[in-house]
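Take a look at the letters that make up each chain.
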Amino acid sequence: MCLFQFQSVMNYFPEEVLEHVFDFLTSHRDRNTVSLVCKSWYSVERFSREKVFIGNCYAVNPERLIARFPRLRSLTLKGKPHFADFNLVPDGWGGHVYPWIEAMAKSGINLEELKLKRMVVSDESLELLAKSFPNFKSLVLVSCEGFTTVGLAAIASNCRFLRELDLQENEVDDLKGKWLSCFPESCTSLVSLNFACLKGEVNVVALERLVARCPNLRSLRLNHTVPLEVLQKILVRAPQLSDLGTGSFTHDPDSETFIKLKNAMKNCHSIRSLSGFLDVNGRCLPAIYPICISLTSLNLSYAPGIFSNELIKLICHCKKIERLWILDTIGDKGLGVVANTCKELQELRVFPSDLYGVGNTAVTEEGLVAISAGCPKLNSILYFCQQMTNAALITVAKNCPNFIRFRLCTLDPIVPDAVTNQPLDEGFGAIVQSCKRLTRLSVSGLLTDQVFLYIGMYAEQLEMLSIAFAGDSDKGMLYVLNGCKKLKKLEIRDSPFGNMALLSDMGKYETMRSLWMSSCEVTLGGCKTLAEKMPWLNVEIINEHEAGEGEGEASCDDRHRVEKMYLYRTLVGPRKDAPDFVWTL
Amino acid sequence: METSVATELRLGLPGRDESEAKITSVSNKRSSSEMDDSCDPQQESVAPAQKAQVVGWPPVRSYRKNILQKKAESSSDGSAMFVKVSMDGAPYLRKIDLKFYMNYLDLLKALQNMFKCTIGVYSEREGYDGSEFAPTYEDKDGDWMLVGDVPWEMFVTSCKRMRIMKGSEARGLGCL
Numbered sequence: 001m002c003l004f005q006f007q008s009v010m011n012y013f014p015e016e017v018l019e020h021v022f023d024f025l026t027s028h029r030d031r032n033t034v035s036l037v038c039k040s041w042y043s044v045e046r047f048s049r050e051k052v053f054i055g056n057c058y059a060v061n062p063e064r065l066i067a068r069f070p071r072l073r074s075l076t077l078k079g080k081p082h083f084a085d086f087n088l089v090p091d092g093w094g095g096h097v098y099p100w101i102e103a104m105a106k107s108g109i110n111l112e113e114l115k116l117k118r119m120v121v122s123d124e125s126l127e128l129l130a131k132s133f134p135n136f137k138s139l140v141l142v143s144c145e146g147f148t149t150v151g152l153a154a155i156a157s158n159c160r161f162l163r164e165l166d167l168q169e170n171e172v173d174d175l176k177g178k179w180l181s182c183f184p185e186s187c188t189s190l191v192s193l194n195f196a197c198l199k200g201e202v203n204v205v206a207l208e209r210l211v212a213r214c215p216n217l218r219s220l221r222l223n224h225t226v227p228l229e230v231l232q233k234i235l236v237r238a239p240q241l242s243d244l245g246t247g248s249f250t251h252d253p254d255s256e257t258f259i260k261l262k263n264a265m266k267n268c269h270s271i272r273s274l275s276g277f278l279d280v281n282g283r284c285l286p287a288i289y290p291i292c293i294s295l296t297s298l299n300l301s302y303a304p305g306i307f308s309n310e311l312i313k314l315i316c317h318c319k320k321i322e323r324l325w326i327l328d329t330i331g332d333k334g335l336g337v338v339a340n341t342c343k344e345l346q347e348l349r350v351f352p353s354d355l356y357g358v359g360n361t362a363v364t365e366e367g368l369v370a371i372s373a374g375c376p377k378l379n380s381i382l383y384f385c386q387q388m389t390n391a392a393l394i395t396v397a398k399n400c401p402n403f404i405r406f407r408l409c410t411l412d413p414i415v416p417d418a419v420t421n422q423p424l425d426e427g428f429g430a431i432v433q434s435c436k437r438l439t440r441l442s443v444s445g446l447l448t449d450q451v452f453l454y455i456g457m458y459a460e461q462l463e464m465l466s467i468a469f470a471g472d473s474d475k476g477m478l479y480v481l482n483g484c485k486k487l488k489k490l491e492i493r494d495s496p497f498g499n500m501a502l503l504s505d506m507g508k509y510e511t512m513r514s515l516w517m518s519s520c521e522v523t524l525g526g527c528k529t530l531a532e533k534m535p536w537l538n539v540e541i542i543n544e545h546e547a548g549e550g551e552g553e554a555s556c557d558d559r560h561r562v563e564k565m566y567l568y569r570t571l572v573g574p575r576k577d578a579p580d581f582v583w584t585l
Numbered sequence: 001m002e003t004s005v006a007t008e009l010r011l012g013l014p015g016r017d018e019s020e021a022k023i024t025s026v027s028n029k030r031s032s033s034e035m036d037d038s039c040d041p042q043q044e045s046v047a048p049a050q051k052a053q054v055v056g057w058p059p060v061r062s063y064r065k066n067i068l069q070k071k072a073e074s075s076s077d078g079s080a081m082f083v084k085v086s087m088d089g090a091p092y093l094r095k096i097d098l099k100f101y102m103n104y105l106d107l108l109k110a111l112q113n114m115f116k117c118t119i120g121v122y123s124e125r126e127g128y129d130g131s132e133f134a135p136t137y138e139d140k141d142g143d144w145m146l147v148g149d150v151p152w153e154m155f156v157t158s159c160k161r162m163r164i165m166k167g168s169e170a171r172g173l174g175c176l
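Heads up: the protein sequence lines correspond to chains X and S, in order.
Per our numbering, residue 1 is the first one in the first sequence, and the count goes up by one each step.
Per our numbering, residue 1 is the first one in the second sequence, and the count goes up by one each step.
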């Protein structure tokens, strides 16, 4: 029955029934779709929606959010563009969460969950958050900045029903406050605690006591200051853990403490996910062998201290791994072992270990081919490598037609095929042609317009595309804009695409979340034209030069190339919190 | 204009060309650097000449970069952790990383394994008297010392290389 017929039938049902049916729709995309069907569905949907996902915090504002979804309980917000992760967005750009928390507090929203990515979170925001929402249960901060342990102390002290405090890869100023000790004795509700990214020491006695009084604790990720002795005591108190992030994992392997740790580990039958090893002595690793057999997720990518032979020995025990994040110290040989051992592998990420020239070798196309041949369930990969070939990519495409995410990053951004010296167009072409379900793609290496012709032609499901140092002309970008109908996010750096490509189909950008272009050929004039014609887009120019220079003819000249441009669709016009160096056209 | 601009954008790294890229991928294999003689911290820091200097490339989050930087700094802090180990009568030397071991027991076990010998137990009075071999090391002053006399940490920072002495020579030391 198509949606239209269904709707006519559904209109005879009272709203409570509609609401009940909508309860089964958990994905925000589905809920967005049903709200478009008709006015009554829109109305029922908006009053019953509790979880909202906002992919770009500047696409909408807090007032509109609250007006539409008064029963909001769980909010996800993303702030800065993805390339901010790689230092391409200057400090102070924006993405502040405070106005959102303030507005929700004022409107009496019963907020229970907040998940933020790439946002600026001040201690003030955390304090306001902690004091305004009595039922607050879950705070997840990913790649955020702006807060200190003072803010964390506020959360710990005031959120009586806190279940989850999950800090992933944030820049936190550690003011040596005793934030962990701020969890009151009455706090027994913790299910998940992750403070791995904090740099300072925590009160380990308070930590042990906290773990002991939270029987529902399932996920615990420690930071590098927590020594192995404490880990051992924690594991004895919390053998029910299913996700563990070790802190420091280095000790005398002959000591009694270490033996106690081994025994405690053996007793942790529920651990399925393991990470950490921020400080590690490879000879301590055998302590985890007993749990390796049950692991489905393993993240050793923060552990440059593990040598490749130790990694390989460890991997041999991990037969049920579905998600594996490692460093390229594993080598092609190690990837061969992964291919032979990890038959359930779905997601693999291989990060570079040598960014500071200490002389490690990276992985090559060999490792990737081995993985593709050995792991039939592989659907997501992020692979940093020294070199690549078209032949390898073609083989990978044949072996793995199920890729949903394919991100390849050559350490030299414009390296050609290592054997033929040709561009890598054909290789990536094979990937997009074979992987019909591909939604995310990052390309690298020497690439011409041809690769974009293939992407436009075949990548029908593509939603996010990352391009760097690629292409020859505007044609490249045009192929993508014209071909990828489902494109949501396009980010381009250091590629020769200019105004012709930018302005060819301006309506396209209203169907996308955002476009980033830096060090390309677009000019100020081109951006101005776009901004003028498209009122529903914010076209922001980031100009990092000092105000004095800006006054001169250079920056104001329409023919001048724009350093960084970020445009996104929005319902609420130019943002009011843009700093001096951001110019909304 | 487009072609010249395209070329301009392509020169990602100053002075690079493809042949250089090939050379980078062949040199600096980790296993060979462990075996050869020229592994010293000074040389390692010269290697980055061919590493990318492009802003934001490779695309790795600062969080991750900081972890690697800390690790790089701690392993090239000047004190020579890799030391050569010779054994009387053995045809070639070995190299070990002293930082890998937690204490003397650890180290001696590893040496015995590596050289297939028995070194025996250390005692302050007798040294390794009674065993066929005695581990010695050359310290910063150039003197040959018996392994085990000084605290572990001090040994690790002052040891330049080791020699496993055999037979009568070893017994001679034990008598001192």
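One should not assume that every hint holds.
Claimed, not checked - According to the in silico footprint, chain S covers these stretches of chain X (three or more CB under 8 Å from chain S): (1) 78 to 88; (2) 154 to 166; (3) 300 to 313.
Worth flagging that the hints you see were computed from the coordinates, not collected in a lab.
Even for Gly, the Cβ is constructed at its ideal location relative to N, Cα and C.
Consistency of the hints with the structure:
Chain S is given as covering the region 78 to 88 of chain X, and this holds because 5 residues of the stretch bring a CB closer than 8 Å to a CB of that chain, at least three being needed. Coverage of a stretch by a chain is defined here by at least three residues with a beta carbon nearer than 8 Å to that chain's beta carbons; for the region 154 to 166 of chain X and chain S the count is 0, and the condition is violated. Against chain S, the region 300 to 313 of chain X contributes 5 residues with a C-beta closer than 8 Å to a partner C-beta. That satisfies the three-residue criterion, and the hint holds.
Going down the numbered hints, you'll see the structure goes against just number 2.
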